[in-house]
Amino acid sequence: MYTFAESKNGVVYVKPGATGTGASWDDALGDIQAAITLARTENSQARKDVWVAGGEFTITTAIALNDSVNVYGSFAGTETAVAQRARIENGNPWEFASPTVLKGNGARLVQAGGHMDMETIFDGFVLTGGNGTGSALSGSGGAAVARGNVVYQNLIVRENTATGAGGAFIMTGGTVRYCLIESNVHTTGGNGGGGIFSNPPAGYPSYIEHNVIRNNSSTVRGAGIGVQGAEMTYVSHNRIYNNTAADGTSMKPGGGIYSNSASNRILNNLIYNNTGGTAVYYNGGNFYNNTVVKNIGGIYLAGNAINIANTVVWGCATDVTGTTPTSITGVANSSWNVSNNATYNPIPTDKSWTIENNIQLSSNVSNGNIPEPAPGTVGSGPKFVKVTSFYGVALDDVQKANLDSANWDISSTSPLVNRGKPIETVVVDFTGLNRPQGFPAAEANYDIGAYELPYYTVVAGEKDGAQGKIYSSLGELLPENFSYGYARGSLLELFFEPLTSNEIARAYYTLSTDGGLTFTGDEVEFTGEIDNDGFWRTHVNASFKVSVVWVAGTSTDEFDRPEVRLYGEAGAIRIAGLETGERVDVYSLAGVLVKSVKSTSTELQLDAAAGMYLVRTSAGVNKVIVR
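Be aware that the sequence shown starts at 877, since it is given in my numbering, and climbs by one per residue.
Fair warning: there could be bad hints in the mix.
Said to hold, decoys possible - With a straight-line cut-off of 30 Å between C-alpha atoms, the simulated DSSO-like cross-links for lysine-lysine are:
no.	residue 1	residue 2
1	Lys1262	Lys1276
2	Lys1276	Lys1259
3	Lys1276	Lys979
4	Lys1259	Lys1499
5	Lys1297	Lys1262
6	Lys1262	Lys1499
7	Lys1499	Lys1471
8	Lys1259	Lys1297
9	Lys1474	Lys1499
As the list claims (entries may be wrong) - Label-pair restraints from in silico Cβ distances:
no.	residue 1	residue 2	range
10	Ala1106	Asn981	34 to 42 Å
11	Ala959	Asp1273	34 to 42 Å
12	Val1261	Thr936	41 to 49 Å
Note that these hints are calculated values from the structure, not bench results. All C-beta atoms, glycine included, are put in the ideal place defined by N, C-alpha and C.
Could you build all of it, start to finish, from the sequences and the hints given here?
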């Protein structure tokens, strides 16, 4: 029996091994379940929280959540607010400095016995070693059971097991968000779902959002996520990779997602390097702006009314049988709309589907024949920033490292840019960037896939009357206010030419994004941090460099010999101060040699088309703009 001395702030405190009343950190309880019961029955405060300090708890009977009692873990044991919990620097939402670990000992770890009347939060724990036995849905949900109005967030859920469904979570409603769900196993039969299985009844939708779901397995179906049920499951902004749906050598459907109900919404997900009979098995609902790449298996549309749009399916391979689909395929005589997608091989036209405005990126990949697409054309691939070099799950340390460094953002020259269509329910991309991006705004359109190419707005300023012109790195004269599409983290290089003076003390320019960031750089180089690049990274560095292009006899930078001067003129490059017989090489910015000559005097003039060039002499290398 616990005697509860009520805290003034409505919190019951818990520490591993403590024997107090729960009224403060110094007088903490040692039992999480007892704290939940006290918070519900003995706490007269409007707020009903349980705060659990870092450390390990062995769970032999599943912790039962109680309506409106929020349970927070990973405190150091001195905090006075939930927001004071220390996280790992530059870490993910689930990475805390003082983690609270719930370790299973023959039982599921946490469960909601029924739907809650009010939102009930479980936040900040590591759940490991659960095996899915418990009073609710026995055999399913190795780590936890979610019901209506229950929110699981900021958790690490790893190495749990279930035989019925859901190696980590079984959901009959509720929310799982901002969690790392890894290395969980569904075995033996049942309904599948190596990471999560969602089976919501009418009136209690499930929400699976902003999670990393990786390294899970199922011997039946849906290694990452499995879905069925009468109510909608909403799957959005998840990174789903390196999951396996197989029983020995027998591939099973849904290496990434298996969805077998009619009204689901799957939006803005990255689904890559999974292995199964299909990467995605889909049987109804909306499938919008997803990136499905480098899987063993493509997308199989099984029936019911399906809308699939703005989705890229690229680089997927078949299994050893040669029968695994690698693009978008499925049964005939179904009511589907397949529009504005980009696929690795043709979408079949022998089906009774509405097929419109899709683009083909490259050819099929079959067992034993995995060609890399040739660069440079729409048919050559989507031009992601960094792709994995293999198909399906990682099998060794080299592939795992390659998987960790993959970046499925799109480059500014990607054929996916502006090839999608507007969708009212998809207003942001995977990172939270507003859709659509582009300049001018009236001509912007949705990009295909989970990422939208961000556009940075540049505004030319002035200092001491030295206003000038801005050129792009391709030599384009740009207006004072313009937008430029660049992949996150890439270098945007601009060149400033003064109108009235050879010397500028400082060049001023302001850059902003739809994410609301505005910053001003000064001198010639600066770096900004953009806080809209995804939930597991706090920011992305975007570098912007402006080089002053001098006029009236001064080169971009000093040569090693100050007498050498470089001029960009209309249709020509002029170099002064050369030595007779000195070699001059002119390159494009891509490094292609355009001209190579020897001077016959101290001055040389070369015809050149408009653009920007690198000029090499024995005095060094500099850039010049030709108009």
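Going through the hints against the structure:
Proposed proximity of Lys1262 and Lys1276 is supported: the alpha carbons are some 14 Å apart, at most 30 Å. Of the supplied pair hints, the one linking Lys1276 and Lys1259 holds, its CA atoms being roughly 21 Å apart against a limit of 30 Å. Between Lys1276 and Lys979 the CA atoms are separated by roughly 27 Å; this keeps the pair inside 30 Å, and the hint holds. Between the alpha carbons of Lys1259 and Lys1499 the distance comes to roughly 28 Å, so the proposed pair stays at or under 30 Å and holds.
For the given pair, Lys1297 sits about 25 Å from Lys1262 by alpha-carbon distance, which is consistent with the 30 Å threshold. Between Lys1262 and Lys1499, the direct Cα distance comes to roughly 29 Å. Compliance with the 30 Å bound is thereby established for this hinted pair. A C-alpha spacing of about 14 Å is found between Lys1499 and Lys1471, which places the hinted pair at or below 30 Å, so the restraint holds. Using a Cα cut-off of 30 Å, the hinted pair Lys1259 and Lys1297 holds, with the two alpha carbons roughly 20 Å apart.
Between Lys1474 and Lys1499 the CA atoms are separated by roughly 19 Å; this keeps the pair inside 30 Å, and the hint holds. Distance hint check: the CB atoms of Ala1106 and Asn981 are about 35 Å apart, consistent with the given range 34 to 42 Å. Take Ala959 and Asp1273: their Cβ atoms lie about 38 Å apart, and the range 34 to 42 Å holds. For Val1261 and Thr936, the hinted distance range of 41 to 49 Å is satisfied, since their beta carbons lie about 47 Å from each other.
Hint compliance for this structure: no hint is broken.
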